[in-house]
Amino acid sequence: AAIQAAMAGEAGRGFAVVADEVQRLAERSSNATKQIDALVKTIQSDTNEAISSMERSTTEVVSGAKLSQDAGTALEQIEAVSHQLADLITNISDAARQQAQAAVSTSDSMNVIQEITMQTSTGTNESAASIGRLLELANELRTSVSGFKLP
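Quick note on this note's numbering: the sequence shown kicks off at 4 and runs consecutively.
Treat each hint with caution, since some may be false.
Claimed, not checked - Label-pair ranges, simulated between beta-carbon atoms: (1) Arg100 - Thr62: 54 to 62 Å; (2) Ser130 - Lys152: 33 to 41 Å; (3) Val84 - Thr50: 28 to 36 Å; (4) Gln47 - Glu24: 46 to 54 Å.
Treat the hints as calculated values from the structure; they're not laboratory data.
Glycine included, each C-beta is placed from N, C-alpha and C at the ideal position.
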């Protein structure tokens, strides 16, 4: 357009001004297009980063949910074991109480046996003393009777 305006001389001067403006507008449009392209690329990059960040966040949320589920399962298992331990402790306590009662009963029986043994010992000592006395009496009787003679 600039060449055509130069060839037209004075009449082409207005055309040259318009051609220059068109040229400047084209350059500005080109620059604006480049800026828009750069902005679009920046937006795309930021969008990709946001998507990656959301994917990582989603993965972390899923992982956190899995950990929470595992923790819940572990707590349920701990609760079950705690109930089993409580039952075992109750059983052990009952068995210990029964053993204590048996020990008291055995102790009472041993006390009765000791009393009977003491009574038996006393009776045996008294019997031994009585036998000793009977022996003395028998000896005295023999001595008394030995002086008698039968005809």
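Do the hints match the structure? See the list:
Checked against the hint of 54 to 62 Å, the pair Arg100 and Thr62 passes, with Cβ atoms roughly 56 Å apart. One distance hint, 33 to 41 Å for the beta-carbon pair Ser130 and Lys152, holds here, with the actual separation near 35 Å. In this structure, Val84 and Thr50 break the distance hint of 28 to 36 Å, their C-beta atoms being roughly 50 Å apart. Checked against the given bound of 46 to 54 Å, the beta carbons of Gln47 and Glu24, roughly 34 Å apart, lie outside it.
Of the hints listed earlier, those the structure fails to meet are numbers 3, 4, in rising order.
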